[in-house]
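Asker: Spelled out from the first residue to the last, the chains are:
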Amino acid sequence: MTRLNTNQWLAVVLLAFSVLYLGFAWQVPAFPLPRPVDSDLFPKVLGFILAFLSVLLFFEKPAIQEASDEPEDATQQGPFWLSPWGRVVITSLAIAAYALLLVPLGFVLASTLLSVGLTLYYGYRRHSINLAASLSVVLGLYLLMTKVMDVYLPTGVLPF
Amino acid sequence: MEAFNNLMYGFGIALEPINIAYVFAGVFAGTIIGMLPGLGPISALALMIPITFSMEPSSGLILMAGVYYGAIFGGSTSSILLNAPGVAGTVATSFDGYPMAKKGLAGKALAIAAYSSFVGGTVSVIFLMLVAPLLSKVAVSFGPPEYFALMVLGLTAVVSLSDKSLVKGLIAAVIGVMISIVGIDLQTGTERFTFGSAHLLDGIDFLVVALGIFALAEVFYMLLRGGGGKEAPRNAIGSLKLSRPEMREIAGPVGRSSVLGFFTGVLPGAGATIGSFLGYSMEKRIAKDGDTFGQGNIKGVAAPEAANNAACTGSFVPLLTLGVPGSGTTAVLLGALLVMGINPGPMMIEQRPDVFWGVVASMYIGNIFLLVLNLPLIPLIAKILDLPRPLLLSMILIFCMIGVYGLSFSVFDLLLLLGFGLIGLGMRLFGFPAAPLILALILGDLMEESMRRALQISGGDWGIFLEKPISLALLAVALFSLSAPVIKKRLKREVIDT
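In order, the protein sequences belong to chains A and L.
Just so you know, we're using our numbering here: the first sequence kicks off at 1 and counts up by one.
Just so you know, we're using our numbering here: the second sequence kicks off at 1 and counts up by one.
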């Protein structure tokens, strides 16, 4: 059996998604009064178009990836958390943690922690500059949003 | 005369001290963001939306227009200094700009870029002023079938003119429309794809998607490339002065490319990238020293720069007169306008002349600021390229977060932002263009509404889209536009070969 290429894998995933989507589109409730077009028509059309495009994608030859699009040090050795994909995973987790801690900790504290922590994690070792730059940007944004634009940002454990 | 009076009215708005400050801030911020490789005008505009949210709509749009201009000019700076275009529209600038920089003439190349952008922008604003009111008068007669067809054309044009696969572009557009219909259907009150979550009842905010797919995905991509890729060696800037013969030499290319760029920009989907390539290719053919293009010819910098700035202004025509953006960037602008409570369309010039003419006038002012303030500041602004990449990545993340949270105050939206960031990364790695998705997301609602209204008028008969001559013509052009990738490939090959 021949191996599927990237486009074919993507096509299979997208086809499965379109089938699932169509399933949900059929569950959209009908409007009590008869109408020429109900809420379910557009999603159904979209689901079928996506399924059709998935089939086209299956037969499309994958483009040769340009050298510049290739992650540069994807093959770098070392612990996972320092690898390129490790950095994406850790950053994603940090963003998720930030989202959950934003209200309890407050904008200034949570954002400063995120900025200083990630900058350090990405390998920047000049700690005083890191802290000063992060704090000034976060405080600047906080003051701009709360004092100039009257947008409320959570204060959390700090008094401001 | 009427246009002149209206323009004076616009200047009255744009020259208010606060609006001058916004133009300057927009042009300055746009230049800085546009200069950073990877962060183009779409990211720049998306990052600015939370700031414009509480502003007067005319001021907000004035700021955004400044950001747009600035980002395009900033992209030219990194094209010339680093051979790393921050924006697709400035790729052609790097063909001759970077060789000039390598010869120690970076300052001259930057000055040519600034002068050409100024002329391109100014000429096209004059055209915008003349063409937009005419087009809006025609568009007043558009009904739902015509609007639906126009939006289909806008989408297919953007898809077909993107650099990636046509099928992948269409898939991105379909997914964009799918995202747009999440939430309560306003016509029937029916919930669609909310999965019982109250957070999804109002749908998914376009800013969450735009910041996720563009800015956050770019951060992830830079991380995959080892924290932002290798620092490119930056060439010294040198003198910014141009001699009179040099000015005379670039006058013709700048004039021609400005006109060409404007009309390219008006076409849905074409925009700055195509405009700059066309301008470059036209001058290469016309020039007696065409064989020196690619080796640091000043006309090779002037032509694409004039064309791309003119195209940027041109792309405002369909946005402001029809309410249909012709590119990913103007789609984000449309989103920003909707957030501010403005519905662009044929009636906007009549109903909100302050917004329309204020923006037109601010474009003149923005162009002057680009030239008078940004150019001398370029050696200083270019230092942003020396900012440590880890610090820069963290700052972009903070901007994304505050952008989303400041608009919706929803932790759920922050998690959605993360999700779209990862989707954007996947799209980038697998060659799916992001612009069609964002355009489709913005147009999805309007498209469905127009389609349903048209079908209600016809009693469910789909033939209505083919019976109306304008709608039929627009759909035929949409179908034809899908053959554009072949033409575009040929054009690119010619630019490289000749």
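Among the clues, some could well be false.
To be verified - Below 27 Å or equal to it, Euclidean Cα-Cα: the simulated BS3-like pairs (lysine-lysine) are:
hint, chain 1, residue 1, chain 2, residue 2
1, L, Lys102, A, Lys44
2, L, Lys102, L, Lys383
3, L, Lys164, A, Lys61
4, L, Lys137, L, Lys241
5, L, Lys103, L, Lys383
6, L, Lys102, L, Lys241
Hints were generated in silico from the structure; no laboratory data involved.
Asker: Of the hints given before, which are not true for this structure?
Answerer: Violated hints (numbers, rising): 1, 4; every other hint is consistent with the structure.
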